[in-house]
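Residue numbers (this note's numbering), protein chains in the order written: chain V, 2 to 290; chain L, 3 to 350.
Simulated from the structure, these hints should not be mistaken for laboratory data.
Source: prediction; values computed, not measured.
Certain hints may be false.
What the hints assert, rightly or not - Cβ pair distances, simulated, as ranges:
1. V:Pro279 with L:Phe156: 48 to 54 Å
2. L:His343 with V:Asp93: 33 to 39 Å
3. L:Ala334 with V:Asn244: 31 to 37 Å
4. V:Asp118 with L:Leu280: 53 to 59 Å
5. L:Val276 with V:Asp96: 22 to 28 Å
Where a beta carbon is used, it is the ideal one built from N, C-alpha and C, also for glycine.
Residues per chain are reported as follows:
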Amino acid sequence: MVIADPLSMDTRSSVPTPRPTMGTSSLATAGDSSAPASEILIDIEHLDFFYGASQALHDITLQVEAKKATALIGPSGCGKSTLLRCLNRMNDLIDGTRIGRGTIKIRDVEINGRDIDVIELRKRVGMVFQKSNPFPKSIYENITYGLRLQGVKTKAQLDEVVERSLRAAALWDEVKDRLHASGLGLSGGQQQRLCIARAIAVEPEIILMDEPCSALDPIATAKVEELIHELKTNFTIVIVTHNMQQAARCSDRTAFFYMGRLVEYAETRTIFMNPGNPQTEAYVSGRFG
Amino acid sequence: MNAPATAHIFKARPTTARRREKTSFWLFRAATYLVLFCGAAVFATIVVKGSRSVFQAKAPFINTTFFTEAPESLYVFEYQGKKMELGDKAYRAFKAQNPDAATVKTESYVYSAGGIFPCIVGTVLLVVGSMTIALILGVCAAIYLNEYARDGRFIRFIRLAILNLAGVPSIVFGLFGFGLFVLFFDWNVSLLSGWFTLAFMVLPVVITASEESLKSVPKGFREGSLALGATKWQTIRKNVLPYALPGILTSSILGIARVAGETAPIMFTAAYVVRDKLPWDVEKFSDFFFQGVMALPYHIYVVSSKIPQNEYTERVQYGTAFVFLMIVALVATTSIVLRNHLRNRYKW
């Protein structure tokens, strides 16, 4: 395996000029322009995952395509969130978790390898959580948090990123007059979009979303879903959801999990219209789960 | 059963459960009032008796001598039919002016005149130094225990040890400090010995409370920060510690009250019965740390048990106690204001 991998390559901080669109830099540096549209970005093979002695994931094999939205659905406790958190190694924070077998490769790099810098991985693989978690700081400070960690101090650059990220998260018009007010003063839906803006401010390649709309009302949910649609042009999105309509509305491919196993993985249309597995059919038609 | 005409199904009837309810309610209420009464009685005694030494009838109404002077001996004598009460310095000046006064029968009472300025200074120095040490050590330990350490047998043992430390009597801390700092490190009776002894004594309080306030910071803040590519330490420094600080300060208020109030740990390690020089009156800077000081609680102990008791010493006792209470209240208020200020800045 080549170690001088995309995960440790960071061109962002060395590019001083503002770029017109989001997320282009990482792709421009990492892939060649003639890559096919359905490029495999995340490649999970035969993954077994354990919490202590209990196995949460059994032999998961799944490929996520670049610049697509992939939905992970299934009843509670089926392992979909666990899998999501494997992708940026958030499970490292939980005592007693371990990967028993299998590999997770992002751009052909095994992310659980010994020489992987988790910090660098998480810069590339952003995350939006189930419960919106804006920091108790101003909106501006929330967005610039990740960049400041990377040592960006220039005000012009920070201002530019704040505007770009908020625009990308469809929040700019609502908050542009109160950037220095607390992020906690926003409504639930705005808070979640702020978290999305915060995640895209560090220009990740992949955005993981862990039930991002489960605490939102239908209108706020619609806005976030619309946002996911737009973000797909620049980012690869993996979204865990309980809401099957949501999966149907905003994802290109859907994976159905049950009891820690991947039951079916196909085009979203196929999963919902013509599922190959009776369990999938029972679940998407609402007969269990 | 012949029920009266007004009876209905919800009519109140005296039952055993009801009577018991009433009795127990009054019992609890009486207990609360008793506690309140005890507290008020202690406070009132100190305030009433102490205000005689702290306040005065003439302007500026506060007895400045009591706050700004060192303790002196009090000389009481009758001179030309007038009863005189003079402090040491004033008595000498008086004798110089009136040589015949030397022959008059004079009673002297140690520490009953002058003020308690050196004690106030000493206590403030002890509190500031020991709380600084305790907060630095305690917060670091709490961060390690709560953020870094993985739960295991060793960590459980450490927690048990901390809990046990909280139960150690303060006199034992005094002996420990005497043995380790005063004798073994050869720091003598000094500020430094007192600081470390007191710091070790409040450490369990500080650690436990710091850990609690670190725990109360939502997990989402940590995860959110880590997911943006922060290291663990960056996360703690920028996104956990600032929010935990109000809680840590609250805990240190309790610590301050304890550090300021304990007599036993400092009586072998830092406190002098009397000292002429003020703490900043040193030849070289390093001497500052290696000098003993006077302290309020120890002064109260000295004037109420080490010298003959009479009406004159009582003034110093209650005056000192009153000032002491006020200082602790002042420090606590400051911390609470600071905490509220911080809390309003970081609310979630």
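Of the hints given before, which are not true for this structure? 3, 5
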